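Q: Sequence:
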Amino acid sequence: MLTTQYSSWFILLCLAVGAGYAALQYSAQAPWSKQRNYALAALRFAVVSFLCYLLLAPVIRTTTTHTEAPALVLAVDNSQSVELFTPKNVLSQATDGLTKLAETLRGKGFTVETRTLTSTPARPARLDSLRFSAATTDLDQLLAGTRDAYEGRNLAGVVLLSDGLVNRGRSPASAEFNFPIYTVALGDTIPKRDLRLTGLTYNRVAFSGNKFPIEAEIGFEGYAGGAATVELREGNKVLDSRRVALPTGRRRVRATFQLTAPAPGKRRYEVRIVPQAGEFTALNNARTAFIEIVKGKLRVLLAGAAPHPDLKALRAAILANDNFDLTLALPGVNPLKANADFDVAILHQLPAQGGLGNEILAQVKARKTPALYIIGAQSDLGAYNQLGAGLTIQPRGAQTDEVTPLPNPGFARFATDEESARRFAQYPPAPVPFGELRLGPGAEAALWQRVGRVATQKPLLVFGGPTDHRQATLLTDGSWQWRLSEAVAHDDKPEAYDRLIIRTLQLLTQNANKKRLDVYPTQDVFGTQDDVTLGAETYNAVFERLYNQQIDLVLTDEKKQTRRFSFANPEDGSPLHLGPLPAGLYRIQARATLGGQPQQDAGELLVQSQPLEALESKADHNLLAQLARRSGARLYYPAQLDKLAQDIIKANYKPVITAEEDLKDLINLKWIFFVILAFLTVEWAVRKYSGSV
Numbered sequence: 162m163l164t165t166q167y168s169s170w171f172i173l174l175c176l177a178v179g180a181g182y183a184a185l186q187y188s189a190q191a192p193w194s195k196q197r198n199y200a201l202a203a204l205r206f207a208v209v210s211f212l213c214y215l216l217l218a219p220v221i222r223t224t225t226t227h228t229e230a231p232a233l234v235l236a237v238d239n240s241q242s243v244e245l246f247t248p249k250n251v252l253s254q255a256t257d258g259l260t261k262l263a264e265t266l267r268g269k270g271f272t273v274e275t276r277t278l279t280s281t282p283a284r285p286a287r288l289d290s291l292r293f294s295a296a297t298t299d300l301d302q303l304l305a306g307t308r309d310a311y312e313g314r315n316l317a318g319v320v321l322l323s324d325g326l327v328n329r330g331r332s333p334a335s336a337e338f339n340f341p342i343y344t345v346a347l348g349d350t351i352p353k354r355d356l357r358l359t360g361l362t363y364n365r366v367a368f369s370g371n372k373f374p375i376e377a378e379i380g381f382e383g384y385a386g387g388a389a390t391v392e393l394r395e396g397n398k399v400l401d402s403r404r405v406a407l408p409t410g411r412r413r414v415r416a417t418f419q420l421t422a423p424a425p426g427k428r429r430y431e432v433r434i435v436p437q438a439g440e441f442t443a444l445n446n447a448r449t450a451f452i453e454i455v456k457g458k459l460r461v462l463l464a465g466a467a468p469h470p471d472l473k474a475l476r477a478a479i480l481a482n483d484n485f486d487l488t489l490a491l492p493g494v495n496p497l498k499a500n501a502d503f504d505v506a507i508l509h510q511l512p513a514q515g516g517l518g519n520e521i522l523a524q525v526k527a528r529k530t531p532a533l534y535i536i537g538a539q540s541d542l543g544a545y546n547q548l549g550a551g552l553t554i555q556p557r558g559a560q561t562d563e564v565t566p567l568p569n570p571g572f573a574r575f576a577t578d579e580e581s582a583r584r585f586a587q588y589p590p591a592p593v594p595f596g597e598l599r600l601g602p603g604a605e606a607a608l609w610q611r612v613g614r615v616a617t618q619k620p621l622l623v624f625g626g627p628t629d630h631r632q633a634t635l636l637t638d639g640s641w642q643w644r645l646s647e648a649v650a651h652d653d654k655p656e657a658y659d660r661l662i663i664r665t666l667q668l669l670t671q672n673a674n675k676k677r678l679d680v681y682p683t684q685d686v687f688g689t690q691d692d693v694t695l696g697a698e699t700y701n702a703v704f705e706r707l708y709n710q711q712i713d714l715v716l717t718d719e720k721k722q723t724r725r726f727s728f729a730n731p732e733d734g735s736p737l738h739l740g741p742l743p744a745g746l747y748r749i750q751a752r753a754t755l756g757g758q759p760q761q762d763a764g765e766l767l768v769q770s771q772p773l774e775a776l777e778s779k780a781d782h783n784l785l786a787q788l789a790r791r792s793g794a795r796l797y798y799p800a801q802l803d804k805l806a807q808d809i810i811k812a813n814y815k816p817v818i819t820a821e822e823d824l825k826d827l828i829n830l831k832w833i834f835f836v837i838l839a840f841l842t843v844e845w846a847v848r849k850y851s852g853s854v
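The sequence shown maps to residues 162 to 854 in my numbering.
Don't read these hints as lab results, they were simulated from the structure. Because the structure is a prediction, the values reported are computed rather than measured. Here a beta-carbon is modelled for each residue, glycine too, at the ideal position from N, C-alpha and C. Be careful, since some hints might not be right.
Stated by the list, open to error - For lysine to aspartate or glutamate, the following EDC-like pairs were computed, each having C-alpha atoms within a straight-line distance of at most 20 Å:
no., residue 1, residue 2
1, LYS815, GLU312
2, LYS815, GLU378
3, LYS372, ASP486
4, LYS456, ASP486
5, LYS458, ASP502
6, LYS372, ASP483
7, LYS249, ASP349
8, LYS427, GLU765
9, LYS779, GLU440
10, LYS269, GLU229
11, LYS676, ASP504
12, LYS249, ASP483
13, LYS529, ASP629
14, LYS654, ASP781
15, LYS804, GLU440
16, LYS249, ASP781
17, LYS779, GLU274
18, LYS811, GLU264
19, LYS261, ASP808
20, LYS353, GLU312
21, LYS353, ASP781
22, LYS269, ASP808
23, LYS398, GLU382
What the hints assert, rightly or not - If you anchor each label on the Cβ, the simulated ranges turn out as follows:
no., residue 1, residue 2, range
24, GLN618, PRO816, 37 to 47 Å
25, SER168, ALA616, 28 to 38 Å
26, VAL615, ALA527, 39 to 49 Å
27, TYR384, PRO589, 48 to 58 Å
28, LYS353, PRO731, 15 to 25 Å
When you get a sec, could you build the whole thing from the sequences and use the hints?
A: Next comes the structure, spelled out in structure tokens:
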């Protein structure tokens, strides 16, 4: 369809111009016949009229329609618990029924796709090759991933095949989904006769020579009134044993073991329930505790220019970890003793304006104590810039930005898990100085600033300084709001904030080792399903950072079996990915040649088995019914899949027809030029042939 922004009357004007031009050109007596004269006039009329019409900027409007069939997603909970606790004939009936359901719906014009807990968009699942092997169940992620993948598309609904047992992520019942969820219930709602170790409670760090507890929680079904034997083992050696009564009317009891911490190092202890006759499975009878034995506590100095809510938040975060001793100092209120000894310092708004707290700074400088500087309204930024902490701050007056923390994915010294990143995004904004922020040589940002919803690459938490005096800087004195809001939102458990502070202090003290090659695990403990990652840092002879250095790595497990890797540490800080590893304690041996000199490093890596799928045998069909009811659907059982197909067909889901309109300037069509050229050429050739120019 041709259209133009001008009135249609202009088309008549174009025709009039073409007619006038043709009349002037061909009204005189011509040396050829009248028929030829009329034909040439018609050519001239057409060309001139069309050229005038092109001056009106005409466009071609085209409309294209697309028909999208309704899509149905078969979301299959392929976790281990489904196969473990669902009768084989019922599970076979469910998988065969899903295949038949997919064929029926495809025959009715539906698009059917299968998604599982372990499938990816690049590698979709197939019903004929389902393997119930997922070690954890996160139904919210499965459904949310489907919602995101089909955003803006014609998603008719989701058929969720599951036992309703969730052991990772949030409950899907608390989420909102804009499509019906037809749930198909698997598993068994009748508890199995079983003993299981549902949890271990222990401190990950103990001090050599001190006693420390390991508390086991024991769940039981069908053994009420009896007793169970619980053993504490290290390797093949039984360290202690308890005979625990299983009282009637209860489902859980506890057993506590007291141990004396041996020499420093990482130790692995196993708590195991001795299997009994008639027990359904022994897969959930044991759990492992990995404990690091250290020489003593880390001494922390917390000093501030003045009383401030930050100090209370920092103090609470530090004292929540038994591995720290805390000394609090405030100028004029609680002065720092001259002989005070500490391993790391937190300096809140120090150096301060007016020289307040300079005596504290002097002690920190004299001892080259690793320090975390927290910038606030009372900070003397000029004095701070002289400290060589790896960051220079050039403020613009007293202006501030309101920011929340954003993890830097390129900072590998400690990893930020997804849950912590999600909590960071929910923190209230805190003030930071507005101005120019410049990182010094070797300095790295662990956190960026997020301003509103805009992610920036302005640093918020920076690690820098010379290797013999490691320093860090947090650019806000409003982090107390973060801990408070997180505690309110998560049942008084501000774990993300506390972990950030503790890891910052640990990193400051760990880096003071003057090692030129440093290879380390990016988190304390990995699960057997986790992607195990190692970070690496290399330095030259004057301890300046080096990148892209070839590092050879040998990983040795407890059976003396070795795995060899070779990699380079890139500038973006991305770690070495080893993939999932079996549970156990691994020794790390790393070697590299730096500046022509051989360097080596050693360490340990902990991988912990977490048999989450075997901990609960009773299916949660109430969750599935609630999920279906909230979305406007209902709960089905494997024997009712034919009824499910009928209900979906009766819902009469329609294809979605969309139309796309495209506008294209007529003058941009190249073939029009050649048509006009052809007309003019024909006219010129006829006139030439007939004896006229």
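Q: Flag every earlier hint the structure violates by its number, smallest first.
A: Result: hints 2, 12, 14, 15, 17, 20, 23, 25 and 28 break, sorted rising.
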